[in-house]
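K.L.:
Each chain is listed here by its residues.
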Amino acid sequence: MNLGPHADFIVAAYGLTVFVIAALVAWVVLDHSAQRRILGDLEERGVTRRSQRGGS
Amino acid sequence: MTALLALMLRDMRLAVRAGGGALMGALFFLIVVVMVPFAVGPDLNLLARIGPAILWLGALLASLLALDRLFATDYEDGSLDLLMMAPMPLELAVAAKAIAHWLTTGLPLVLIAPLLGLMLNVELNATGALMLTLLAGTPALTFIGLIGAALSVALRRGGLLLAVLVLPLTIPVLIFGVAAAEAAIVGPAPFGPAFTILCALSLMSFVLGPFAAAAALRYGLE
Amino acid sequence: MPVIDLANPTRFLNLANRVLPWLAGATLVLFAIGLYRAMGAPDDYQQGATVKIMFLHVPAAWLGMLGWGLMSLAALGTLVWRHPLADVAGKAAAPIGAAFTFICLVTGSLWGRPTWGTYWVWDARLTSVLVLFLLYLGVLALYWTADDPGRGSRAAAVLTLVGAVNLPIIKFSVDWWNTLHQPSSILRMSGSAIDPSILTPLLIMAAAFTLLFFTLHLAAMRNEILRRRVRAMRLMQAQEVHA
Chain A
423 MNLGPHADFI VAAYGLTVFV IAALVAWVVL DHSAQRRILG DLEERGVTRR
473 SQRGGS
Chain B
38 MTALLALMLR DMRLAVRAGG GALMGALFFL IVVVMVPFAV GPDLNLLARI
88 GPAILWLGAL LASLLALDRL FATDYEDGSL DLLMMAPMPL ELAVAAKAIA
138 HWLTTGLPLV LIAPLLGLML NVELNATGAL MLTLLAGTPA LTFIGLIGAA
188 LSVALRRGGL LLAVLVLPLT IPVLIFGVAA AEAAIVGPAP FGPAFTILCA
238 LSLMSFVLGP FAAAAALRYG LE
Chain C
177 MPVIDLANPT RFLNLANRVL PWLAGATLVL FAIGLYRAMG APDDYQQGAT
227 VKIMFLHVPA AWLGMLGWGL MSLAALGTLV WRHPLADVAG KAAAPIGAAF
277 TFICLVTGSL WGRPTWGTYW VWDARLTSVL VLFLLYLGVL ALYWTADDPG
327 RGSRAAAVLT LVGAVNLPII KFSVDWWNTL HQPSSILRMS GSAIDPSILT
377 PLLIMAAAFT LLFFTLHLAA MRNEILRRRV RAMRLMQAQE VHA
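Residue numbers (this note's numbering), protein chains in the order written: chain A, 423 to 478; chain B, 38 to 259; chain C, 177 to 419.
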């Protein structure tokens, strides 16, 4: 595919977009597993949420 | 009405006595403007060209620094809570504080602008126009800055957060203030349109500022 | 299912868990189609192949503004209607909208260099989008640096509504003060001015980007709800220790 004389700019633009989107996806995915892990730890230690205890 | 007036006078007295807020702002303005020729070089033509812009930037930064104190001291000694519980609408109370703030901080900037204009080689007849733009625009800076001050006092974060929040909102005021000032000095655009828009921005901020600031205080300090 | 049902975080989480894989899949498919069409699009008679940057720049711009619009609705939900998940929606949207605005600014700059000869110019459209980006940073600062997340969210909601004034300025700036940036050519009263061979890939890419936004947003909202649960559980744990 011939991108013409300004191919560098086109590639740079697409490259940056891919990078930023990948960073967003990584943030969302890693944050998710981190929160799940912490929640798992807390539940293991016996800490429960109020609604799980069926109200006080 | 008397309540508003009392609040305004109280703020003004505090600003003038404690910490010398009024003179401190003017002093900062002076220092910033004096710094510019050191950074940019003493070429008088260049200074005359960027003079209005420097004066406007200096006024903006001086207003910004003084905004910190607008709510912080009241928050610390509890009078902000009293104001929020008082029968007077919070929007009006906040507007009264803003007027007091402008009279003690913004107005001195306008008054010493001619002296500083001299240092930046701004022509004498242009100085009048410059003062007029500052007179019309510094209230907008205070009333818009009100919003940032209210937001940052609720979060007990000072200075820099306030600047980050307020500066983008004051960009239109800066653009039209400098445009009007330069129109009077250099042309070719006429002074009228830019100045009218500047006045319009100020008038809009008189309404938007207090409402947004009161909302920020109410919701932020719940 | 009415919106109020979604106010229950657990129910929302269940819905999110079910919907996300489909959203992600649809996003990938649309991107595949869009990129294929974008690569096959003809060269512009003036700009040559650099018009391909438009397929990134314009959707990113739209989404930057959509993000702030979504945050404004969420802000109203937080301050006016007190919907429980409104501030979660706002907080989750902010980084995503900021990222797309950033993409818009940088791709625009890379597009400007070969076509206009400069990386940046202070015309009304570019300046107001830059201001939008600065406002995003301000809101992010409020959401993420507050000691009390509740106060931070409410303060951010107020700032979001104040900053919403910028959105119509961005949209119409290019018509009110036309200096360098191209005026409106897509969403106009008189119909689009772009040839279908370029308009169609653009619209497909826009749809793909929009689905991407909502996928990321839903996932981020899910994470924020989990984060708040962690915080609540830690607080409860701390109270139990001291009881």
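Everything labelled a hint here was simulated from the structure, so no lab data went into it.
We put the beta carbon where it would ideally sit given N, CA and C, even for glycine.
Just so you know, not all the hints are guaranteed correct.
[As the list claims (entries may be wrong)] Stretch by stretch, here's where chain C covers chain A in the computed footprint (C-beta under 8 Å, at least three residues):
hint : region
1    : 424-438
2    : 446-453
3    : 456-463
K.L.:
Hints the structure violates: just list their numbers, smallest first.
P.N.:
none
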